[in-house]
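Undergrad: Okay, here's what each chain looks like letter by letter:
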Amino acid sequence: SAVISQKPSRDICQRGTSLTIQCQVDSQVTMMFWYRQQPGQSLTLIATANQGSEATYESGFVIDKFPISRPNLTFSTLTVSNMSPEDSSIYLCSVAVAANNEQFFGPGTRLTVL
Amino acid sequence: KQEVTQIPAALSVPEGENLVLNCSFTDSAIYNLQWFRQDPGKGLTSLLLIQSSQREQTSGRLNASLDKSSGRSTLYIAASQPGDSATYLCAVPNSGGSNYKLTFGKGTLLTVNP
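Chains as they are written, first to last, in our numbering: chain S, 1 to 114; chain P, 1001 to 1114.
None of these hints come from the bench; they were simulated from the model.
Hints should not be assumed to be uniformly reliable.
Listed below are several chain P residues computed to face chain S (Cβ distance under 10 Å; list not exhaustive) [as the list claims (entries may be wrong)]: (1) Gln1006; (2) Ile1007; (3) Gly1041; (4) Lys1042; (5) Arg1055; (6) Gly1083; (7) Ser1085; (8) Leu1089; (9) Pro1093; (10) Lys1101.
Listed next, the stretches of chain S that the computed footprint assigns to chain P, with coverage defined by at least 3 CB atoms under 8 Å from CB atoms of chain P [claimed, not checked]: (11) 29-42; (12) 88-96.
Since this is a predicted model, take the numbers as computed values, not measurements.
For each residue, glycine too, the CB sits at the ideal point set by N, CA and C.
Use the sequences and the hints to build the structure in full.
TA: Structure (structure tokens):
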């Protein structure tokens, strides 16, 4: 298994500002992902965070809006840029354990944009 | 494109009852299926992972089954307790070859009444 922490756990932000969310894993992992969960909805994959190269974004998500860094195999950041109220969501990072493809999730960051 | 459906959307049962949650998926060529639990405003906790070659997996009072050919999985919870109250999500890898990118159902909100 993997133990994942996220910072901040929650934040309230003003429209037009940006927030950077940190994800720390207790072991080196190759596969790391960022998901969004909008109010009352299930999880949607934003991107795969690749170590040493640019993130791979899913349809509907772009780097300018959600820049991602992955400086090493235990850490990643997701920035939500130029926020609007529609960005209010829980943002979660996850990792996949290569042995059996089981995925583990962080506790999430609850973002409210006013 | 993989789609995941969970039935029922919500379930309320008295303590001690056995119950079944259902999950169906459209693309049966899956690598595995994972069940998660999510408490309100929190991240996801992995409950069970079933590989495509397996028919079922058990952990304590939880038993998950998988029927790939019919695109279905069930999560059986025995002797339910109030602490089991949460949203239960199933997830399968996306269609198109990636075994790591997950598609989630919308979840079943379970309430176990004392």
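Undergrad: Hint by hint, where does the structure go against what was stated? Just the numbers, ascending.
TA: Hint check: 2, 5, 6, 7 fail, others pass.
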